[in-house]
Amino acid sequence: MKKIVLIGNGMAGVRTLEELFKITEEKFDITVFGSEPYGNYNRIMLSPVLAGEKTIDEIMINDLDWYKDNDITLHTDSTITSINRSSKTVIDDKGNSYGYDKLLIATGSNPFILPIEGHDLDGVIGFRDIADVDQMIDAAKNHKNAIVIGGGLLGLEAANGLMKQGMNVTVVHLLADLMEMQLDSTASQMLLTSLRERGMSFKLEAQTQKLIADDSGRVKQIEFSDESAMDADLVVMAVGIRPNFILAQESGIHCERGIVVDDTMLTFDPSIYAVGECIQHRGLCYGLVAPLFEQAKVCANHLAEYGIGMYEGSVTSTKLKVTGIDLFSAGNFKGTENSEDLVFQDVARGVYKKIVIENDIIIGSVMYGDTIDGSWYFQLMKDENNIADMRDRLLFGQAHVGDSGHGPLDMVAAMDDSAEICGCNGVCKGDIVSAINEKNLFTLEDVRAHTKASSSCGSCTGLVEQLIATTLGGEYSESPKKKPICGCTENTKQEVHDFIFKNDFDTVFEVFAKMDWENADGCHVCRPEVNYYLLAANPDYEDDAQSRFINERSHGNIQKDGTYSVVPRMWGGVTTPLELRTIADVVDKFNIPTMKVTGGQRIDLFGVTKEDLPKVWKDLGAGGLVSGHAYGKSLRTVKTCAGDTWCRFGTKDSMGMGVTLEKMTWGSWMPHKFKLAVSGCPRNCAEATIKDFGLVAVQSGWELHVGGNGGIKVRVTDLLTRVESDEEAIEYVGAYCQLYREDALYLERTAPWIDRVGLSFVTEQLVDDEANRKALHARFLVSQLKTQNDPWKERAEGAQNHQFEVITQ
Amino acid sequence: MSSWKEVVALDDIPVLGSRVYRTDDQEIAVFRTRDDSVFAIHNLCPHKGGMLSEGIVYDHKVTCPLHNWVISLEDGEAQGADEGSTACFETKVESGKVYINL
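So the protein lines, in turn, are chains A and B. Mapped onto the numbering used here, the consecutive letters of the first sequence carry residue numbers 1 to 809. Mapped onto the numbering used here, the consecutive letters of the second sequence carry residue numbers 1 to 102.
Please note that the accuracy of each hint is not assured.
Subject to a maximum C-alpha distance of 30 Å in a straight line, what follows is the list of computed DSS-like cross-link-like pairs (lysine-lysine) [claimed, not checked]:
1. B:K48 <-> A:K22
2. B:K92 <-> A:K452
3. B:K92 <-> A:K615
4. A:K439 <-> B:K48
5. A:K144 <-> A:K54
Read the hints as simulated data drawn from the structure, not as lab findings.
Assemble the whole structure, with the sequences as input and the hints as a guide.
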């Protein structure tokens, strides 16, 4: 068995072991050394412990039983004093030596203690571990006056906690602005006002000169460089942390400001890895929790010798864990020479938001008082989305960017435990909070796996992320920079999409092999996605039925009892007595329990058994009806109004246009479902402005609208352009379908796609570039040649028989 | 007591697909994986009774089509954080025919 030694029993090191157990079945001989007498606890929760809002037990991530259960030898109260790299051994403070094959250093960081006179007196401490917290709580029992040196994140959290413990607290800060690393001056002043109102005192622009002792050797006074002084029974130094790399440095491993590691978390010694706050990666040291998790994942991958993880650095965001104060900052919020600021300020409500933009991309943000959109801005920043098209609404938040119908996210903290967060799976706030606390969940993926919250339609993802952030507090950052498609790969949707469109593949398995999938078969998440990209990239690709979700494999919608629903196509919503008679006869013949008129102007037949499907389709086909693809990521319906054929207001033949468009587009596979509508006048009875593509007739021609959605989030379309002739309108529809097919990511409706790429991208591709529009339209028609065969007819004639035949004894 | 039933020819089960075998009192889903292993499990997801035969198959696992529970074909256990299991049956392949031990 391979011997792994971990120095440092903290969040980063132990998380690496957890990641290792997750990805490999291989057994290791693992020994862990920690200087503290505990298992692994959640260090970022020390502030709530100090504030009396949580107990030590509640912040334990891995108790001692966890080590036993995983056959890990844990040495608590044990400090490694040297590493002998040539003999591959480590030596502890009792003189024992232990051999390793791979060594993992996760020694974290130390609080920086100002080297002033009196820094080593009793009652002068840092704020780093449980022992510090214990000492502060003790001091609060017998002493009155606390001084916190340092008005940064950690200092303010310590000050808040000491105040909660009943002490008079003064924060001493070198500068005029608190949290100057995270806030701009305006937000900082708002924070100062609010903390003062809570009873915290401040001495700003003050430099500490020395600490003065009483007779017993305990601190009693602090003196500043202007020679003023204050009483102090407890002094907490929170002026920053320094990576703790002395052990590594003494053993000759290359260190600068931290232990230098490469993108695989390897140090300059090929047997020694390092993660967490003790490292320096691409010139940066991190003091927040989110990067540790990303590093742990990569490091585990290399300890397991899979060799494919890469750490490319982290973008971090900050929140202050002081109950009742909402602030958020991320990225470069102070701006650059070329950046511009968008600022929103409402003094009466105590709200301030600043978004820093460079070349139409968000590079930083600061928020105070109203932070609901923090995670959204953060995501836009990490994804480097172009925000030009929503610039005028950006500051008002996600709820104002073309969608509504969802409650504001800011309520989450104030919500009752019984409030339902995930409407699809019936998960309440209390369920999620207790799962996070009891099972020590940190990421959205963890919470999804354990509670199912936000794992169905995904519309509550923002709420769940918000809830994780408020439950875990502070330094937690919602999502990793790169979201892989699924657990089979490190690649994002965009990376896989681009790779497939640039190369030539015949099967999903070739893609998995070429892109280093961990799992040769893929899974239910990635296989349909990869299959779709192959199909969209190459009209000759041979579709793989086994890579499709059941609805697209059996060409019906599976229902909760295992039966299917059947929706025949009604071209443009126009029907005939023959079609209706055919449907009625089929319903009678097969005893179909429910008929329902759909929102897309056709008829849904519910409760058909799978064995009956081919027979039902055969009879429907005899009456001229074909598949409506109501089950697919494909063209669904073309909704129409009566138009000028009958309506006294109609200006154009909307029914005729609807039928033409449906005949052109039916059968096409798309990244997600796609709906069209055609209205015959601006009264817009066909509701074209909440469709993926909507046409509205005006006297002079057609208005073409794109990116609407009436589902989870209502989004009204953007006006793409106006055209005069029917032919132009038809060409735009084909070109738009193809652009969506080629550019959007799988399971991305046109509404979020346009929010992501920007309307101007679509305008450039379709309106400004006529040749490109024609080429896209032509490609769309080519792809349609192969797909416009009625799948129902093929199956009624025997295709894929094995699916529908049950074997009996 | 073992009772082997001949069910279907191996070639009549699609790779990474399934067939449904119905007895008097139950439905069994018979799966074929990419390594040509054959598995038979009760066609009922332990979560809400979804038909596992309709799921996407990968490795020796199937994902239920209703709510994406992943069930191991080897022992019928729900994977990941989900808890539950479904009954499994022994299978063998002889001369291209699949048998199930009922």
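Broken hints, by number
2, 3
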